[in-house]
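Protein chains in written order, with our numbering: chain A, 4 to 222; chain B, 4 to 222; chain C, 116 to 330; chain D, 116 to 330; chain E, 2 to 253; chain F, 433 to 492.
No lab work stands behind these hints: they were computed from the structure.
Fair warning: there could be bad hints in the mix.
Over the 10 Å line for every Cβ pair with chain B, so calculated as not near, a few chain D residues [what the hints assert, rightly or not]:
1. Leu119
2. Glu130
3. Gly165
4. Ala199
5. Met200
6. Leu202
7. Leu204
8. Ile217
9. Gly222
Residues from chain D shown here face chain E by an in silico Cβ test under 10 Å; the list is partial [to be verified]:
10. Gln175
11. Ala179
12. Leu243
Label pairs and their in silico Cβ distance ranges [as the list claims (entries may be wrong)]:
13. B/Leu92 <-> D/Leu119: 25 to 33 Å
14. E/Trp90 <-> C/Ser142: 36 to 44 Å
15. E/Trp90 <-> C/Gly143: 56 to 64 Å
16. D/Leu202 <-> E/Lys122: 22 to 30 Å
17. E/Ile85 <-> D/Leu202: 50 to 58 Å
18. B/Leu92 <-> E/Thr127: 48 to 56 Å
19. C/Arg185 <-> E/Trp90: 21 to 29 Å
20. A/Leu107 <-> D/Ala221: 20 to 28 Å
21. D/Ala284 <-> C/Ala182: 41 to 49 Å
22. C/Gly172 <-> E/Pro30: 52 to 60 Å
23. E/Ile85 <-> D/Arg168: 21 to 29 Å
24. D/Leu202 <-> C/Gly309: 47 to 55 Å
25. C/Ala221 <-> D/Arg168: 32 to 40 Å
If you're wondering where the values come from, they're calculated on a predicted model, not measured in any experiment.
Built from N, CA and C at the ideal position, the CB exists for glycine as well.
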Amino acid sequence: MIALYLRDLKLAVRSGGGALIGVLFFMTVVAVIPFGVGPDLNLLSRIGPAIVWIGALLATLLGLDRLFQADRDDGSLDILLMQETPLVLTVFVKCLAHWTASGLPLVIASPLLGLFMNMEPLAIGAVMLTLLVGSPAITFIGAAGAAVAVVLPRGGLLVSILVLPLVVPVLIFGVSASYAAVEDPAPFLPPFLFLVAITLFFAVIGPLAAALALRNSSD
Amino acid sequence: MIALYLRDLKLAVRSGGGALIGVLFFMTVVAVIPFGVGPDLNLLSRIGPAIVWIGALLATLLGLDRLFQADRDDGSLDILLMQETPLVLTVFVKCLAHWTASGLPLVIASPLLGLFMNMEPLAIGAVMLTLLVGSPAITFIGAAGAAVAVVLPRGGLLVSILVLPLVVPVLIFGVSASYAAVEDPAPFLPPFLFLVAITLFFAVIGPLAAALALRNSSD
Amino acid sequence: MRLLADDLSARRGEELIFRGISFGLSSGDAMVLTGPNGSGKSTLLRVLAGLLRAETGTAQVIEAEGAEPRPVREASHYLGHRNAMKLELTVTENLAFWRDYIGNFAGGEGIDIEHAADLVGLTGITHLPYGYLSAGQQRRFAMAKLLVAHRPVWILDEPTAALDADADAIFARLIETHRAQGGLVIAATHQPLGLRDARSLVMTGFEYDELEARL
Amino acid sequence: MRLLADDLSARRGEELIFRGISFGLSSGDAMVLTGPNGSGKSTLLRVLAGLLRAETGTAQVIEAEGAEPRPVREASHYLGHRNAMKLELTVTENLAFWRDYIGNFAGGEGIDIEHAADLVGLTGITHLPYGYLSAGQQRRFAMAKLLVAHRPVWILDEPTAALDADADAIFARLIETHRAQGGLVIAATHQPLGLRDARSLVMTGFEYDELEARL
Amino acid sequence: MSDTSIQTTRLSALANPTRFLALAASVLPWMAGITAILFAVGLYFSFTTEGDYQQGMTVMIMYIHVPAAWLSMMCYTVMAVSAIGSLVWRHPLADVSHKAAAPIGAVFTLIALITGSLWGKPMWGTWWVWDARLTSVFVLFLMYLGLIALNRAMDDPSRAARVSSVLILVGFVNIPIIKFSVDWWNTLHQPASVFKMGGSAIDAEFLRPLLIMAIAFTLLFFTLHIMAMRNEIWRRRIASQRRLAARMAAKG
Amino acid sequence: MTMDHAFYIYTAYIVTFVLIGALIGWTLLDGHFRKRELKVLEVSGIRRRSARPKREGDAP
Ligand code: HEM
Ligand SMILES: Nc1ncnc2c1ncn2[C@@H]1O[C@H](COP(=O)(O)OP(=O)(O)OP(=O)(O)O)[C@@H](O)[C@H]1O
Ligand SMILES: Nc1ncnc2c1ncn2[C@@H]1O[C@H](COP(=O)(O)OP(=O)(O)OP(=O)(O)O)[C@@H](O)[C@H]1O
Ligand SMILES: [Mg+2]
Ligand SMILES: [Mg+2]
């Protein structure tokens, strides 16, 4: 399993450039919004957490659709499917590797973007924390979509469509927890704990669904 | 050439699901935004053009990296490279097909999304016009990146460094032209003409660079 | 160890490809599948490897007299048309990954990567990225993958495509060694593999007017 | 028509794979490349097809006495390890695309798609998506691609991998017909192709002590 | 013992596609007839019932909005059950069932969305707000479309069925969200009032046409669903017979 | 009670009518064409094995 994790990481670094394209896209998104909102710093800092979250969400989608497809194309998937180790576990490890390669860099880059958006330190911290906790959920849901996309030769967009509706709760709780950290009356903990719960939930459901789809789509 | 155009279109439709998918994707992205920034209609209409442009950028990027790679993997690229027809033309046609399949539907769907984002009719028109003019530029730049990605097995990094920074100006002029159409003091025409110029420039440079990269591919 | 296939049939798309195939193999046996293009050889191998669900029937291995039957896939190496190696990683990285990921099946040990490279006749180039090798070299290293992790059953789909005469001989030797150590081999092929007293199963393809779709 | 290769040499990565290969072929000739795995057969074919840049030397065709020499690639079909067909499109769509895109070379006509399917022995399944075919069926249709658009030079890299005996014979017949009509064939192979008086070029691989890196 | 075996044979008899076709042929005219009658009665009641003192005649929209909204969720539930059928028992009829239901569900959802906004304009003063109920219904609509697109993008029907089954099941989380969104998040939308602990909160005056329309919509759904399933079965038979014809021709 | 919001009500009913009408129409048409194709196949002698008339000499 560790072997699989390391291999996927190595592949992501060596061939995908995954991390960087994600971060760059993320930055592009965040850089463009101020053009829309205008130079109103107050407003910017208000919508900051939302924008950072949306950017992270969209950046994760890039490249997610190839999670299993690359393995299918060169025949590796066949062998992964044959093993005695539960397929769910294999999928889970692949998700972890993908998250490490493309989700984690976003989390690390987010404080920088928070500065761009003129957010307070507390808000930046909150966004980073919620992203750290919430972004794996996006990968896990995405894995289910990617498993479906294996049967489609170019599933890219379709995957995102199938995935995005499910991601909505993650976004809602992530953003509201970030706001709650800054605004006084609202407590931070409830939405944050909800976010944790969602991530744990999808950490189970996502790989399960992906494994089911993979088993059912091999040919 | 028409055969190539039709084939690429067919492939996009057959395997990705086609225009419907692009529009659906766009709609999901837009539907996700209000969850982040909240249902404030005023704010929505203000960031509307930026969101629509970002959605278009993302939709174009998803799948663009495979523009030549899919052809390389099944050996078609070899045959495309061997022909007497200038390679630049082939690349250009492939870009056009990609744009028709994934850019054009977005342009056509953008008014609908404008409505969702509570934008004024004038702003909607402006976004549609700028998208129509500007989105091909994204495809052309992306083509150069995709070609580099094919040539260098580890070109991932280079691609992201290459493509996104070049895309940023397109995005900025597109968005600012859309705003200029609505807000009074700023004139619409200068950024718009700039956008046209950028697109024309990349329509030449992008395929040229891509063809050059493909010819020098060494295996 | 015995491998029992019982009344296997399979569909591709909506069509039945073969029906009622049963056989039993025991340690040291080899079976060669032959038949014209499109007759269902690859399909049968994928059913055995658990990659396609059989329409009817089962395929199981029994490790020892009285042991619980297990699905064939858990005891097998599958070498299909594609090599299951990453072009971006070096040969060593690829092989090390499969060795660690697949692991050994009870009752055997995989061999060292360098040693396996020796055995397929390609010493000294394991540090190259897999994508830098010729078609035949790639295929040879895909064979080396069978050696680094032990699995008693080898399921091979046209293993010698792209191999030169030299490699054909090497390959036949590998199979014989594997059989001598109690392994089982099932291979689909169009060329003679040069195996001693292998059983053979000739696929003829289904009679088309017997086709019945599921609905 | 003549094909002239003059003093060809090529590198892969930093290493010289072969050096100083020259030959000339004229209408109706066939040349078979043989040699062990990794000896440079595919490399030579890719150099001829213009897909790899030659380190030194040129490869050209001369259509008629006194005509301007042209690069080989413009007069050639190249059939590599991969079939250059899209799994998502039907066989007809694939073939029609290549017919229209490649077009005919001066002095010949491609044949009808259905007719080509007949010739490779697979009538009646051209409406299926290419991805639904078995390995051998896919390879046969890749051969049909050579027929639907006319090119005088065929460059074939292990054309008969995955083909059954029946298809081998069909294929040999196709090549002979092509030669009889004045075509030229260059093929790399590990198996006998069954061609009448074909010339042969044995690649030996570069002597390792002759290897020179380019610094 | 003998009882259960009889039952299983009956169940499997129903699940046989050919029997299903025969059954459909005999049931469909009746269902269509009853549906038409119920619609006539329901429409009569809804046009003759007096308006609400608060909402005016706009309650009339309720008689189509609410049944359509219910049906949009029920259709998805039917699909989810069929999805389990295709994953667990791999039954071809289950495959056909959820494939055929998706477009119908999409239409009902679209009706709920449109009538809802047409009701929202006079009541809330806006066509659309991004609140939880409305957005989750919109998401449901997108999921229907996504499933339709997925089914169209794959041409091996049984594989397509199994893969979309997985997605249908994953997407099922949306249904409770739609149902309870009004309770979990405070929104503009009405909370459930027809089916509620301790009796309905709606006047019997409005309840009658609403319930009749709801039954009519439900019957309409099943009628259309059975018809669409029948069409789909025919479509697959035609496809396989065409393939067979081609192969026989190829063999000479 | 006045028909204060007649526009919205009628639009709602009309839209519903049109959408459901289209759905019904499409389903009926689809069935119609499928049935016709089945007929054509039947005429050309291609049937499901189960629907094929038993020939003499066929195993029971
Ligand atoms: C586009 C906007 C709308 C959508 C998507 C929508 C969606 C729904 C859904 C899904 C239900 C079924 C809920 C359940 O069974 O618990 C429902 C029920 C209902 N809706 Fe709407 N609705 C919309 C607008 C409106 C408006 C504007 C009104 C009236 C002011 C309204 C009044 C009702 C009522 C009274 C019910 C019945 C609640 C019950 O008794 O369970 N809706 N709607
Ligand atoms: N993409 C590449 N990059 C670098 N080196 C390569 C590449 N492809 C092949 N080589 C090297 O070039 C040499 C010749 O390879 P080539 O593919 O021409 O051999 P071949 O004669 O076709 O062998 P085979 O019979 O196995 O197909 C090999 O030693 C191989 O390692
Ligand atoms: N993915 C697929 N979907 C649908 N049908 C398929 C698929 N793959 C193969 N088939 C069909 O199944 C039949 C058997 O194919 P299979 O690959 O098992 O043949 P094979 O005996 O391995 O042939 P070959 O010698 O050419 O490799 C063929 O008629 C083919 O058209
Ligand atoms: Mg095969
Ligand atoms: Mg070679």
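Practice task
For C/Gly172 and E/Pro30, compare the CB-CB distance with the range 52 to 60 Å and indicate the outcome.
Solution key: Violated - the Cβ-Cβ distance for C/Gly172 and E/Pro30, about 43 Å, lies outside 52 to 60 Å.
Exercise for the section: Can you let me know if the beta-carbon spacing of E/Trp90 and C/Ser142 is within 36 to 44 Å? Expected result: About 37 Å separates the Cβ atoms of E/Trp90 and C/Ser142, which means 36 to 44 Å holds.
Exercise for the section: Return holds or violated for the Cβ distance of D/Leu202 and E/Lys122 against the range 22 to 30 Å. Expected result: With Cβ atoms ~49 Å apart, the hint is violated.
Problem - Satisfaction of the hinted span 50 to 58 Å by the C-beta atoms belonging to E/Ile85 and D/Leu202 - result: 31 Å, violated
Handout entry: Whether D/Ile217 stays farther than 10 Å from all C-beta atoms of chain B, as the label says
Key = The claim breaks: D/Ile217 does not keep its Cβ more than 10 Å from every Cβ of chain B (closest is about 7 Å).
Problem - 10 Å cut-off, C-beta based - D/Leu204 kept clear of every residue in chain B - result: D/Leu204 not clear of chain B: closest Cβ-Cβ about 7 Å, inside 10 Å.
Exercise for the section: Could you say whether the range 47 to 55 Å given as a hint is met by the Cβ separation of D/Leu202 and C/Gly309? Expected result: With Cβ atoms ~33 Å apart, the hint is violated.
Practice task
Test the statement that D/Met200 is away from the interface with chain B: the closest C-beta pair must be farther apart than 10 Å.
Solution key: 7 Å, violated
Handout entry: Given as non-interface: D/Ala199, which should sit over 10 Å from chain B by C-beta
Key = Given a closest Cβ separation of 4 Å, the condition is violated.
Handout entry: Status of the stated non-contact between D/Leu119 and chain B (beta carbon gap over 10 Å)
Key = 18 Å, holds
Handout entry: Interface hint for D/Gln175, Cβ within 10 Å of any Cβ on chain E
Key = Nearest chain E Cβ about 43 Å off; hint violated.
Practice task
Could you tell me whether the CB distance from C/Arg185 to E/Trp90 stays inside 21 to 29 Å?
Solution key: 24 Å, holds
Comparing the model with each numbered hint stated earlier shows that hints 3, 4, 5, 6, 7, 8, 10, 11, 15, 16, 17, 20, 22, 23, 24 and 25 do not hold.
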